[in-house]
Amino acid sequence: MSIGRAIRHPESRVHERYLRHSKKFPNVWCAGCGNGIVLGAIIRAIDDMQIDKNEVAMISGIGCSGRLPVYVDLNTMHTTHGRALAFATGLKMVRPWMKILVVMGDGDALAIGGNHFIHAARRNVGLTAIVINNQVYGMTGGQYSPTTPAGAFATTAPYGHIEQPFPITELARAAGAAYVARSTIYHVRELQRFVAQAVSKNGFSVVEAVSYCHTTFGRQNKLGRATDMMRYIQDNSVTLEEAAQMPEQERQAKIVRGVLVDRDIPEYTQWYDQVIARAQAEVNERGSR
Amino acid sequence: MTPQLMQGNEACAEGALAAGCRFFAGYPITPATEIAEIMARRLPQVGGKFIQMEDEIASMAAILGASVGGTKAMTATSGPGFSLMQENIGYGAMAEIPCVIVNVQRTGPSTGLPTQPAQGDVMQARWGTHGDHPIIALCPSTVPEAFGLTIRAFNLAEKYRTPVILLMDAMIAHLRERVDLPPSDSIETWNRAPTEVPPEWYKAYENEPRDVPPLAPFGDGYRYHITGLFHDEHGYPTERLDEIQPWIRRVFGKIERGHSDIIDCETDSYLDKAEVIVIAYGATTRSARRAVGLARAQGTRVSLLNLRTIWPFPEEQVERAAERLHCVIVPEMNLGQLALEVERVVGRRKVVRINRADGQMIDPDEILKAIERRGLDRGYR
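If you read the protein sequences in the order shown, they are chains A and B.
Quick note: the first sequence, position 21, residue 21 per the numbering used here, numbers continuous.
Quick note: the second sequence, position 111, residue 1111 per the numbering used here, numbers continuous.
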């Protein structure tokens, strides 16, 4: 399994070792998009951990986030809308030693893929789900998503949105994930650290990367340019410790960053090894009788 | 040869194991559930893995993921689940991922008659997912065929790098018959072609020189991209016509050029002197066989063509069997699906349809009457 192990040249930059340069660049994202920042955090995290690239897979669904894997020199798979975690579950079961990152958007992971999300968490399959939360369907032009805040405008909410957003991290916690963290595309070093922790975690891990879509959500809600939306994230996010000092009402309006869940529960594929052992012991017992 | 009394679903599960299936993902649904239950028990015994997913969409996705990991994989369902799987069956066809989907047909549409047999998913097996795509579908008419055709489904999936549908029905799935299990070393199994080039030369979707480029398992050092978008030879998305068109030609061509290998029809020695032919598949073949036997005993020259492969449609075999004849009887437990294909090949005027879609088997007597009339009073029922 050591063919093509990434050789670390201290002088060479990470993107030179992890991106498929000759391929489909420039990328599809709008200038100012957060997806590239998340991608950067992911490849730096993988690089820091010194994992063999051959043993890493990146799987995505559909949407702007779905395009992440094509740019990365890993085992990459761009699947159907919402189904990335189900594809990844199959791959993880037959290749349990692989590190599998599943990159999704908020609509991809929580609307069409919501069922797969909660059940992957419940099973505690050793996958890392990275949910880029930009609060909108960007690729299709700005329709409301499961994380669009009530009151916001979207092309499908021209009179203002009347649904409550999904709290991604609380959902992941309740569904049984082993590791849940939230950071933002402004706090890129922290995001990178959380991704590394998530990939190292033995179990289902979730990292919510709070991002924005200035092209669709920003325009419709008059939130300014990409830099203005980035500044909003910078000004309105707090660490867990800071949040703990705040009155409830103030905290509600903030993006709380930090590791929200980190617990040790049996990982699915390892538990399944016990199923195999039990089944084979039963067969042997029968054979020796 | 070990004779055993087996149920169709059991024969299917054992066939899958004999073919080398080591991963199963599924969701409970009558009349296919026994396959999942048997796989849950049997797979870990042979070092394989079973998972019950949250729905059929996820089951189909999981077997594709497992197959990309280099493991032969299968799911089993019935009509409602088969409808949910269509999205990812298309992904499998587009990304050329081998896998086997068992659809134990029950009467539909919707929840239909749970769970009376039917053959209503013939066209869905061919065109259920959106867009033009190649597909292979096999139909067992006996429990031994359920065993043999499941093995064949895996072999074809691996050989042609494509999803293969085993279109069973509730009748065969729940029927118990004698199966003479062949010794495992006598079973021919096909494994996907291994990669022969170093990773830097590898192209997962290479159009030349072979129709079926090797699919490297993820994790073995061949880092490449898989997508449901139209893609170039490396698997990267493309909208260039000079990259899309060769892909279409190759992917449809691989099945077309494989027709003689993929298509499997059972015929009999009466074909040359027959005046009438019955073309049947799946459970209906059993009624047809009985009717043909009775008719022959009365001195009627009638033959039976049992289609074990229905997709790609056995055009040549049907054409050859029917060319001299004026009457071709097509009994089906639907309102006329494969009959459309037979009519396309032999002409509408020759075809007598016998249909029912109310969950009941077609009575051999009904086919016998049609044989006796030799199509003289043909008309649509």
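Everything labelled a hint here was simulated from the structure, so no lab data went into it.
Beta carbons: idealized from backbone N, C-alpha and C, even for Gly.
Hints are not guaranteed to be accurate.
[What the hints assert, rightly or not] Taking beta-carbon pairs under 8 Å as the criterion, some of the chain A residues facing chain B (in silico): (1) 19; (2) 21; (3) 23; (4) 275; (5) 283.
[As the list claims (entries may be wrong)] The following residues of chain B were derived to be distant from chain A, with all beta-carbon distances above 12 Å: (6) 1004; (7) 1018; (8) 1049; (9) 1134; (10) 1180; (11) 1221; (12) 1257; (13) 1340; (14) 1355; (15) 1364.
These are the hints, each one checked on the structure:
Taking 8 Å as the C-beta cut-off, the interface hint given for residue 19 of chain A is violated, the closest approach to chain B being about 12 Å. Interface hint status for residue 21 of chain A: violated, as the beta-carbon distance to the closest one in chain B is roughly 12 Å, over 8 Å. The beta carbon of residue 23 of chain A comes within 5 Å of a beta carbon in chain B, closer than 8 Å, and the hint placing it at the interface holds. Given the 8 Å rule on beta carbons, the hint for residue 275 of chain A holds: about 5 Å separates it from the nearest Cβ of chain B.
Using the Cβ-Cβ criterion of 8 Å, the hint placing residue 283 of chain A at the interface with chain B is satisfied: the shortest such distance is roughly 5 Å. With 12 Å as the threshold on Cβ separation, the claim that residue 1004 of chain B sits away from chain A holds: the shortest Cβ distance comes to roughly 17 Å. At roughly 16 Å, the least C-beta separation between residue 1018 of chain B and chain A is larger than 12 Å, which holds for a residue marked as non-interface. Against chain A, the non-interface label of residue 1049 of chain B is violated: not every CB pair exceeds 12 Å, the least being about 5 Å.
Non-interface status of residue 1134 of chain B relative to chain A is upheld: no Cβ of that chain comes within 12 Å, the nearest being about 18 Å off. In this structure residue 1180 of chain B is separated from chain A by more than 12 Å, as the shortest Cβ-Cβ distance comes to about 23 Å. Non-interface status of residue 1221 of chain B relative to chain A is broken: a Cβ of that chain comes within 12 Å, the nearest being about 4 Å off. For residue 1257 of chain B, the non-interface assignment is confirmed: its Cβ lies about 28 Å from the closest Cβ of chain A, beyond the 12 Å cut-off.
Non-interface call for residue 1340 of chain B relative to chain A: holds, since the shortest CB-CB distance, roughly 30 Å, exceeds 12 Å. Against the 12 Å criterion, residue 1355 of chain B stays outside the reach of chain A, whose nearest CB is about 35 Å from its own CB. For residue 1364 of chain B, the condition that its CB be more than 12 Å from all CB atoms of chain A holds, with the nearest at approximately 43 Å.
Consistency with the previously given hints fails for numbers 1, 2, 8, 11, ordered from lowest to highest.
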